[in-house]
Structure formats: C-alpha cells, structure tokens
Amino acid sequence: MTTINQYGGQTLNHHILSVLVQNRPGVLARVAGLFARRGYNIFSLAVAPAEDEGMSRITIVVDVESTPLEQITKQLFKLIDVVKISELDPRRSVERELLIATVKAADEQRAQVVELTNIFEGKIIAVAESVLTVSLEGHPDKLDDFEDLLDGYGIVELQRTGRVALPKLDRGARLRAMNPTPTPNTGKAG
Amino acid sequence: MAAEPAERLTGAEALIRALEFENVELIFGYPGGCILPAYDPLMESPIRHVLVRHEQGAGHMAEGYAHVSGKPGVAMVTSGPAATNLVTPLMDAYMDSVPMVAITGQVGTAAIGSDAFQECDTVGITRSCTKHNELVLSADDIPMAVRQAFHIASTGRPGPTLIDVPKDCLQNEMTWHWPTDEEVLASLPGYRPNVKGHPRMIKEAARLILASERPVIYAGGGILKSRAAEALRELAELIDSYVVTTLMARGAFPDNHPLCLGMPGMHGNATAVTAMQKADLLITLGARFDDRITGKVDAFAPEAKIIHVDIDPAEQGKVRRPDVPIVGDAKYVIEEIISEIKTMLAAGKVQADTSAWKSKVSGWREQFPMTYEQSEPGAALKPQYCIEELNRLAKPQTIVASGVGQHQMYTSQFFEFDEPYTWVNSGGLGTMGFSIPAAIGAKAAKPECDVWAVDGDGCFQMTAQELVTATVEGLPIKVALLNNSYLGMVRQWQEMFYDERYSEVYLNAKVPDFVMWAESMGCVGILVESPEEVGPAIEKANSISDRSVVIEFRTDASEKVFPMVPAGASNDELILHPTQQDRAEALK
Numbered sequence: 099m100t101t102i103n104q105y106g107g108q109t110l111n112h113h114i115l116s117v118l119v120q121n122r123p124g125v126l127a128r129v130a131g132l133f134a135r136r137g138y139n140i141f142s143l144a145v146a147p148a149e150d151e152g153m154s155r156i157t158i159v160v161d162v163e164s165t166p167l168e169q170i171t172k173q174l175f176k177l178i179d180v181v182k183i184s185e186l187d188p189r190r191s192v193e194r195e196l197l198i199a200t201v202k203a204a205d206e207q208r209a210q211v212v213e214l215t216n217i218f219e220g221k222i223i224a225v226a227e228s229v230l231t232v233s234l235e236g237h238p239d240k241l242d243d244f245e246d247l248l249d250g251y252g253i254v255e256l257q258r259t260g261r262v263a264l265p266k267l268d269r270g271a272r273l274r275a276m277n278p279t280p281t282p283n284t285g286k287a288g
Numbered sequence: 130m131a132a133e134p135a136e137r138l139t140g141a142e143a144l145i146r147a148l149e150f151e152n153v154e155l156i157f158g159y160p161g162g163c164i165l166p167a168y169d170p171l172m173e174s175p176i177r178h179v180l181v182r183h184e185q186g187a188g189h190m191a192e193g194y195a196h197v198s199g200k201p202g203v204a205m206v207t208s209g210p211a212a213t214n215l216v217t218p219l220m221d222a223y224m225d226s227v228p229m230v231a232i233t234g235q236v237g238t239a240a241i242g243s244d245a246f247q248e249c250d251t252v253g254i255t256r257s258c259t260k261h262n263e264l265v266l267s268a269d270d271i272p273m274a275v276r277q278a279f280h281i282a283s284t285g286r287p288g289p290t291l292i293d294v295p296k297d298c299l300q301n302e303m304t305w306h307w308p309t310d311e312e313v314l315a316s317l318p319g320y321r322p323n324v325k326g327h328p329r330m331i332k333e334a335a336r337l338i339l340a341s342e343r344p345v346i347y348a349g350g351g352i353l354k355s356r357a358a359e360a361l362r363e364l365a366e367l368i369d370s371y372v373v374t375t376l377m378a379r380g381a382f383p384d385n386h387p388l389c390l391g392m393p394g395m396h397g398n399a400t401a402v403t404a405m406q407k408a409d410l411l412i413t414l415g416a417r418f419d420d421r422i423t424g425k426v427d428a429f430a431p432e433a434k435i436i437h438v439d440i441d442p443a444e445q446g447k448v449r450r451p452d453v454p455i456v457g458d459a460k461y462v463i464e465e466i467i468s469e470i471k472t473m474l475a476a477g478k479v480q481a482d483t484s485a486w487k488s489k490v491s492g493w494r495e496q497f498p499m500t501y502e503q504s505e506p507g508a509a510l511k512p513q514y515c516i517e518e519l520n521r522l523a524k525p526q527t528i529v530a531s532g533v534g535q536h537q538m539y540t541s542q543f544f545e546f547d548e549p550y551t552w553v554n555s556g557g558l559g560t561m562g563f564s565i566p567a568a569i570g571a572k573a574a575k576p577e578c579d580v581w582a583v584d585g586d587g588c589f590q591m592t593a594q595e596l597v598t599a600t601v602e603g604l605p606i607k608v609a610l611l612n613n614s615y616l617g618m619v620r621q622w623q624e625m626f627y628d629e630r631y632s633e634v635y636l637n638a639k640v641p642d643f644v645m646w647a648e649s650m651g652c653v654g655i656l657v658e659s660p661e662e663v664g665p666a667i668e669k670a671n672s673i674s675d676r677s678v679v680i681e682f683r684t685d686a687s688e689k690v691f692p693m694v695p696a697g698a699s700n701d702e703l704i705l706h707p708t709q710q711d712r713a714e715a716l717k
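Keeping their order, the protein sequence lines are chains X and P. Quick note, the numbering used here runs 98 ahead of the 1-based positions in the first sequence. Quick note, the numbering used here runs 129 ahead of the 1-based positions in the second sequence.
FYI, nobody ran anything at the bench for these hints, they're computed from the structure. Be careful, since some hints might not be right.
As the list claims (entries may be wrong) - If you want the ones that stay clear, here's a sample from chain X, every Cβ over 12 Å from chain P, calculated: (1) Val-119; (2) Phe-141; (3) Gln-173; (4) Val-212; (5) Glu-219; (6) Lys-221; (7) Ser-233; (8) Leu-247; (9) Leu-256; (10) Arg-258.
Claimed, not checked - Below, computed lysine to aspartate or glutamate pairings styled on EDC-like, alpha-carbon distance capped at 20 Å: (11) P:Lys-200 / P:Asp-310; (12) P:Lys-447 / X:Glu-168; (13) X:Lys-182 / P:Asp-441; (14) P:Lys-689 / P:Glu-502; (15) P:Lys-447 / X:Glu-185; (16) X:Lys-172 / P:Asp-452; (17) X:Lys-172 / P:Asp-419; (18) P:Lys-471 / P:Glu-359; (19) P:Lys-487 / P:Glu-432; (20) P:Lys-332 / P:Asp-419; (21) P:Lys-689 / P:Glu-505; (22) P:Lys-447 / P:Asp-420; (23) P:Lys-717 / P:Asp-427; (24) X:Lys-221 / X:Glu-235; (25) X:Lys-176 / P:Asp-441; (26) P:Lys-689 / P:Glu-624; (27) P:Lys-471 / P:Glu-363; (28) X:Lys-266 / X:Asp-187; (29) P:Lys-689 / P:Glu-658; (30) X:Lys-172 / P:Asp-441; (31) P:Lys-447 / X:Glu-163; (32) P:Lys-407 / P:Asp-452; (33) P:Lys-471 / P:Asp-482; (34) P:Lys-425 / P:Asp-409.
Beta carbons are placed, not taken as given, at the ideal position from N, Cα and C, and that holds for glycine.
Build out the structure end to end from the sequences listed, making use of the hints.
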C-alpha cells in the first residue's frame, strides 16, 4: 500500500462531512472558501442534486483536527444556503466511490489487467491497441487497493469521483426497508 | 381572494419600490454606469439620497446610521471600482455585526465574465465580508432579493448583505410581486436563527449566578444589537454584580452606574481587566472573547466558569469553552435568566455572599482610576484632557464616533457613556477613517443630536472629504481632531516594543493645514494649542448647529495609552500608568 494515498480512513484526522445545501450559484464557493481561508485542504469533494428539489448534497473529506473542524462546521452552518450538516463516522456510514483509469495493457499485460479488473468486479469500459480503460465502483478502500495494483502496469490517466456517503441504516430501518409498506428511513443514523 | 392586477414595472422601479416597502428613509450612495437605471426612479421616491464623495464613505455612513438607529443602513453604488470601494465598510460591518444592505450595479448579464468596462466579480469579492450576498439574474427576482437581504441583515446576528444587480435586470420589465413573510422564510430553509435559549441551560445559568461569590457580567455589543440594555441593568441590579462593557458595548450599561467598571481589555481600566481575571464566574452576554479582551487566552480568567449567551452558535467555544452555552437573543435570554433567578429566590434559595469580592473590587477602583498627567504650561496638549473637556461640555444625548488608534482608546476611556447607542466605532476591523463618515451617518439618523467625531490626524486624512458631503447635504457634525502629527498608536508600539525606532510613523506637523482644509470644505475650522483654549473652543463648536466644525487640537506625540496589556501577554501583565506602577501589587 502506498503512503501517499490517504483514502479509507487510515489518516488520523480524516473526517467526512455531508452537507445539504440549496442548489444555487456560488454555494460551492462559499463552502470551499471556509476551508481555504483557514489553509485547510479539501481532500475530496462530491456534489450532486439531492432527494429534494432545489437541494444538493456535498460530501467533503477533509484532514483537520477535531477542534478546528467543529468551528468550521459551525461556520458552515452559518452560511444561508446550508440547510443541514452531518459529520459521518466512517464506522457508521456507507461510503462509495467510482474510479476510472486508463492503464497500459500491451501484449501479455493485457490479460493480466483484465483478470485483475475481473477479480475486483470492475469493468472494462474502453479498449485500444495498447491501453485499456477500466472502471471500479466500491468502497474507497477497495479502490485504493485496485489503484495500487494497477499502478504496477502503468496508469496513463486516472480519475476518482471523491467519496459519497450516507449514514448506515439502523437495524429497524433496515427491516422497514425490506418490508416496503412504511416509509423507509433514509435520514438518521441509528 | 381576487387576484391583484398584474403591474408591470422596470427592475429599477421595482428596486426602489422594494426599498420603500422596507421602510428605507435614506440611501447613502454614488451613481455610475451600471446602477444608473436605479437612480432614475429615485427622483420620484420619498427616499432621501445622500450623495457621498467616496463609496467607502457611503458604506461607513450606512454603518453609522445603523449603529444609532438599529435599522439597516443602505448603501447604493455602481459596479467595479465602486463595489470594491465598499469592501472595507462591508468587512467592518461584518466584524461588528452591523445591519447593512449594499446594492451594487453590475454589467449586463450577457457581459458578465467578459472583463467588461467596470466589471468585477462583486459577489466573489464580497463573499467573505458579507453575511450573505446574491447576484440577481432577472428583474423578477429583485423584490425577493431585497426582502431576503433586509431579513438576513437585521435578524439573528446582524450583518451586512449585498445585492448585485446587473444593468439589464434594472432595465427589463417585470411583474410586481411583494413576497410574503411565508415566501421569504420558505426561500431560506437554511436560515432559522435561534432566539430562545435552551430552558435547561437558562436554569443552569441562574443556578451558577446565585452560587457565584465573584461574578462579573461581561457585556458585549450583542446587548446593543438585541436592544437589551434595560434587561442588562435589571439583571445587574438584581444580582448586584459588577458589569464590564467592551469597546463595542460602551453605553450599553451606564458608566455612571455604581456597578459599572467600564472597558476591559488591552487598554481597559485596571479594575475591569483584573475583575475579569479574578472572577469565579463570567456572565458573558453578546460578547465574543476577542483577543483584545482576553489577552493570552490560556491565562484569561483562569478561575472563572463561563456562561456564554450569544445568538451565533459559532461563537460558543470558539475561543473559550463555556460551562453554560446559551444560543439565543441576549434580551430574551437575560429576561428568562432574571425570571428564573426570581423564581429560585422566591423558593428560598439564597444568593452566595459577594460582599468580600465587592469590597475588593471597589478597593481597586479607588486605587486605579483612569489617569494622565496634565501638560506643563506651554507644552502640547494632553489628548485625554481634550476628551475630558469634550465630555464635560457635551449636551445630553450627544453621539460620539471615533476613528481607530490612540484617540479611540482615549475616547472610550475618558468619555462617560451613560446612554446606549451614543458610541459609534470600528471595533473588530479597526478601520482608520471610520469616524467622519460614520458620524455623518449617525447625524442623518438622529438629526436632533449633536454628533462628535473624535479623530486622529492619520484617520482624518483618509476620509476627510466626506465633510464636503456633510456640508452639502446639511448634516453638520463636529470633529475633534487630535493632531499629534504621528500615527500615535503605532508610535506607541515602536516606542515600547521596537526600541524607540520610529519607522514611518511621522506624518507631518506643518502640512496639511487642517483649519484651512476644514474651511475649504465649508466647515468652521478652529486651532487649539493650549489647555485654556480647549473648553471655549468646544463651547463654540457646540453653539454652531448649521455648519460642521473641525477643532484641531495640537496634542503631545509622546503621550501613550495606559493601561496596556502587551499583545500576546496575559492580562495579569497589565502595564499601568507610570504614576500607578508602584501600587501594582494591589492587583495581584
């Protein structure tokens, strides 16, 4: 495992914030600005429309000590466009990420890359003479492993989406989700 | 209900009508290219427009107006350089929680991002110096943008908001609709300031207060913002506790009240600073543990439990972790605490004995009054003396605005503030040049009151041109210019902490000629050089009501502000006035 890659909660001060915002121009700049002015780097960021119309959910992964994070979270909540913030505990949330990578795969390497991708249950999404583009969706830890192994063959280009996360459903909620009559609880962690 | 007939207006007409619907009486502004359409319907509007001489002046006037009236001040300017000139007042208002609405023109929507003439990314530039800002993208959106801006600026923790309006949005037609309260709330699902404190926390606060043997009420600017001066007084008298009023809260509790200890902090008086240091409970009301108050945070009020009442949850624990955090409006929460204490007392609970503490504090107060040494005959004036005379001769309800530096501290220390909303200053940002435009804004809000701007020669040279505005617009103010030919506070630090190496702090004793300058702007100019002239000059200024007056006091450049806690030092390391140093042990 490389030391550069900090995905998967191995880093000590790694926090996941899930921020529900009004989907309006400038909202991402407002959110990002609160980290930038304090000199904190955002490690990954994923933004897309959420369940309610006019709302987006931003998943932010940052490396910050808990105390400044508490202050940033409070400042985030002061933003008029921010409706809700949760800090997700990696042990109590489900996380997913998507990776696509173009990998050198000439001659005898080609079969190995295909095999590796199959082992990880990834997909081959484009094929050229000497390279393959592969994709893998899954927990960020799994993507880390896949990326490390691909690296051995030579990664030409790589893009990851940054993680998205939601709270794990509690036991009761899981049961409700299996029995579809009551409204499934999609919100709170147990 | 019958549908209203659809009324068609231009965006500009809608903007001005929306301001009228928000009960705006006054706009401080400066026209220019992109905002021009909005200036046309203004001619038919009952709203008064004050034409400033620099957009920064418009912003500070809006702040001064807001400080004394409690209503949001409005500044309207054009795009590009006008918008960037507003950045300083916006930041100033943000730091000091001053309600203010700025309206800026913007290039047409089709030209945005093309580096058009007088284009700048106003919402980008002002994002971090406003509570909220919004780029309007259609004429139809203007009334809602205005309603949101006023709602956000004046509720919760007040602050500045900005609406950036492209020129075509002002020119295009729209169908008039004035959003209802419900529509405004529904449009802001992420904005619900918490006004009522948590009842359990309020009970806990009352319990701690009754158990405290050494309480101090630490009153900040939030008292004024929430109109809580009366409630504060009732609480202080009920529990018989001393009160310190921060730089932002001068006047929130009367200086002439026996329980008032005055200003704490870096240049606070020795009693206020030390009482906070030795307290066993700080009842913090609308204050934010600013570094100028706490000194070295680790050594600040080490034995004190903290009750922290603030409407802004982000202030809780930002600097000092409170024992009892209460997020809510100061007035509401204080009243709840009072009623809780009364209930507890009625149920037989007895307040802890504070008499030893009270006698200790009153001993400090006797030994460490604010002091200075009067100048020798023929020597330059002492700035403190000028302020004392200003205070002695001020008419009731006089409003005082100040710039930033030594003169600001002397004013806070030596002027007696007995009424709320009579002190206007730039506390958080420390904006030199604040006083003259802020004083003009205050005068516009309270024309019946005398308004004195206490200024330094450095500050004066930053914004003095607004005295032309004062003259032309009939908003006469009085300026006490303490001219020591130096950037006095910087000089003080260089003397004390940089081995008297005076780098770039000498302005000039010969130019400008302030009296001539004042007169050229339509003011009465008076030069005062000796102590016996001070009183008569102030009396003369107080007798002139139809013109602004500038009194230039030639003051002693070597005079320093004491007491002083050096930057980064603990409040226990307070440097007293040299004449009091010998009894410093009494504060230990």
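Exercise for review: Mind listing which of the numbered hints don't hold for this structure, in increasing order?
Suggested key: 1, 3 and 20
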